[in-house]
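Let the sequences and hints guide you as you build the complete structure.
Chains as they are written, first to last, in our numbering: chain A, 1 to 221; chain B, 1001 to 1660.
There is no bait here: all hints are sound.
25 Å max Cα-Cα, derived DMTMM-like pairs, lysine to aspartate or glutamate:
#: 1; chain 1: A; residue 1: 95; chain 2: B; residue 2: 1168
#: 2; chain 1: B; residue 1: 1208; chain 2: A; residue 2: 91
#: 3; chain 1: B; residue 1: 1162; chain 2: B; residue 2: 1123
#: 4; chain 1: A; residue 1: 136; chain 2: B; residue 2: 1167
#: 5; chain 1: A; residue 1: 63; chain 2: B; residue 2: 1261
#: 6; chain 1: A; residue 1: 153; chain 2: A; residue 2: 114
#: 7; chain 1: A; residue 1: 78; chain 2: B; residue 2: 1123
#: 8; chain 1: B; residue 1: 1115; chain 2: A; residue 2: 190
#: 9; chain 1: A; residue 1: 136; chain 2: A; residue 2: 146
#: 10; chain 1: B; residue 1: 1115; chain 2: A; residue 2: 91
#: 11; chain 1: B; residue 1: 1208; chain 2: A; residue 2: 100
#: 12; chain 1: B; residue 1: 1155; chain 2: B; residue 2: 1126
#: 13; chain 1: B; residue 1: 1208; chain 2: A; residue 2: 156
#: 14; chain 1: B; residue 1: 1262; chain 2: A; residue 2: 60
#: 15; chain 1: A; residue 1: 95; chain 2: B; residue 2: 1205
#: 16; chain 1: B; residue 1: 1208; chain 2: A; residue 2: 38
#: 17; chain 1: B; residue 1: 1208; chain 2: A; residue 2: 218
#: 18; chain 1: A; residue 1: 78; chain 2: B; residue 2: 1119
#: 19; chain 1: A; residue 1: 78; chain 2: B; residue 2: 1160
#: 20; chain 1: B; residue 1: 1162; chain 2: A; residue 2: 190
These are computed hints drawn from the structure, not numbers from a lab.
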Amino acid sequence: MAPARAAGRAGAAAALALLWLLVCAPRNAGSRLLTVADLFDRVIRHSGRIHSLSTALYAELEKHFPPRDNELGKPARKCHTSGMLTPNGKEYAQKIPREELTHLILKLLQAWKEPLSHFNQHIEHHQELPDDSLSKAKQISNMVHELKTGVEKVTEKMQSMGIISNSLNGMASSEATGLSISNEANMMSDSDFIHCFRRDSNKVQSYLKILKCRIMPESSC
Amino acid sequence: MLVNGQVAIHELEVWIFGICSLFWHWSVQMTPFLQVMVCSGDGAHTGCTTLIIDLCGKQGIQIYPKSAKGCTDLLRWPQISTCRSPELETFSCYWTDGNFYNLTAPGTIQLLYMKRNDEDWKECPDYITAGENSCYFNTSYTSIWIPYCVKLANKDEVFDEKCFSVDEIVLPDPPVHLNWTLLNTSQTGIHGDIQVRWDPPPTADVQKGWITLEYELQYKEVNETKWKELEPRLSTMVPLYSLKMGRDYEIRVRSRQRTSEKFGEFSEVLYVSFSQTGIEFVHCAEEIEFPWFLVVIFGACGLAVTVIFILLSKQPRIKMLIFPPVPVPKIKGIDPDLLKKGKLDEVNSILASHDSYKSQLYNDDLWVEFIELDIEDPDEKNRVSDTDRLLSEGHLKSHSCLGAKDDDSGRASCCEPDIPETDFSASDTCDAISDIDQFKKGTEKEEDLLCLDRRDNDESLPTLANTDTQRPHTSTQSQNSQPWPPFADSIDLASPSVHTQLSNQNSLTNTDFYAQVSDITPAGSVVLSPGQKSKVGRAKCEGCTRQNFTMDSAYFCEADVKKCIAVTSHEEYEPHVQEQSCNEDAYFTAESLTTTGVNLGTSTAETPNSEMPVPDYTSIHIVHSPQGLVLNATAVPVPDKEFNVSCGYVSTDQLNKIMP
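Below you can see the structure in the form of structure tokens.
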């Protein structure tokens, strides 16, 4: 009796497994690719929104805090992410490996997380700023966090699908922490700070677009 | 310092000798000029000349900074006009010369640039590719997201400087290869839809997603001046709907980077002409504009109809249709015209009987029962007599009908609170019949009862046969002697319906029913003889009669109330309390009551005597209030056109009409 029961149980389990394989597996294989494309579209759109918000916020800050008359001072504007080595042209962006590009994106996003939250706390004390600007800053801070999560998910997906390798996983976080708040970031004026962020958000968006079109050239690039 | 005759004006070493008279001569042209006195000579002889140098003129000295104020005829300095990148991979800078070269030695202008991390300025790598007065930076020199600074200078001085980042100066090239296809045409062939397609600028690398472009399409008819714009969109094809097939159109497209605001140049204009496609279309001569003509016509028609309608509304019928008349207070069964005519007999009867109108409600229940009453029974009489009741403690219950025996004949009806129980005598009914007839027209049942009554009354009270307008009077007279028999007779008609008639007969001299004015007090108030023993269901009303004061309203005859008071005040000189207890909804004025009460004291002697002949009719002396009446008692009960204010409501209008 017992062996019969055991055999029965095994048979049932096998049947279940087979059923699962039949039903779930094929769909998964096909849907995964689509999902990556969808994920990419989502993060690209998200980054685009972040960029628009930061552009608008920068314009508002420029209005409220007129720039210095000394135009020569502009190139001296130093962002705390200036030290990062990032591809500054299309060819470079297309040449570097995907993993590195992904890693760069994550690094950038990580580098801005804390400064943004500090910035948020800082400008809340600004009485002369309209509520619109304050809400934008808050939104930006939240969206950057979401974007980072999204990009991480896409990365995981790509790694699980074998599109990119897992080599650079650990490096992202450790490097990024080194780029957290420096004194420079604190000394910058608000509009400069946002100008830096705006530039970096544009970078992130462009890198994401390049990455997507490299991984899935057939989808609408 | 002596200088030669020729002033080297291009050199900045002109020493202005002597008094520097800088004339800022703001002439019409507003050009500043410099007056220079130049003296030359050797130590012995000096000759001076005066020069006036137009600082803005071509010969002027370059003293000013680059933006020379007031110089219309200008000295322009070289300026960087724009730097742009068409595709985010290269960029170029353009500048303008000004008229520098004409003035100075043909020195060279250079464009120097510096990236953020550089130490010093570098020269433009390519002056040629982008055209004259331009500098082209190819991809190897271009770094996105890195601040650049460029400056325009020659060896000595800097003319202009500019700092930017390449991703901020993106201005895409115009789209290319515009074409259009016809989608469909309307059934009338007047309008059609087309689809316009184009290609992105060839330089922009949208394929790799490096740059994302937005496009804005503008179109207009050929002879129009203003372009119509569509919303910026990402797609490279756009449908245009509802274009007129008979006209030609022009279309142009421009693009911009998605994240920026500035648009690039417009593409070439695309001409759309439908005749080329060979489609037949209807040539519409003129577009139908808003049909003002029709609007005017219809508006005029509407106005005319309205005017006619208003005119027609003058007619009362239509007017009544549109504006129905507001109901005015009206006593049922009484035609105001009747009052106008002045037939007081009828009016009296009607008025007298109107209070019975309410009892029409109960007409359905024909409680026509004949109550046998032993009229000769003094006890009963006493019992039932209102007068007695009034005079006595009023222990008589309100339930008793007019001295009705406790028969099983419509007692309830008698005693129902709502029923306008008006005691009346048969004689009264008799007399009242003739007058009641009119009133009874509306009430057939009552007519029957009247007939019955009539018969009875006629038999019982022949004296009352001579009913005329004076009927109350006569009846009074007759009745007074025998107050009770009439009551007895009336008791026969104990039906509620009969009561209606009886109430009519209240106009008769049955003093028990009506507020028969017995006396007029000096104060002008009326003392009423004991009237009806109305059986208003006000059991509380002890001293007062059970007079039912009104049939259809809460109004009480002042007379009735006064009667009531008269009785009660007999006991005490505080009618006020009794008043209250008597009539909860008495509408008489308090002062009238008080006066009455006061006065009653004097006249109470009379009141108990119901036998006393009292004037039946009183003329309205004063109208106290809208609700109150003071009746003039005529010295002699002359039948007049007065009428008793029966316990009923007389509308003010009618009273006013009747008043002398």
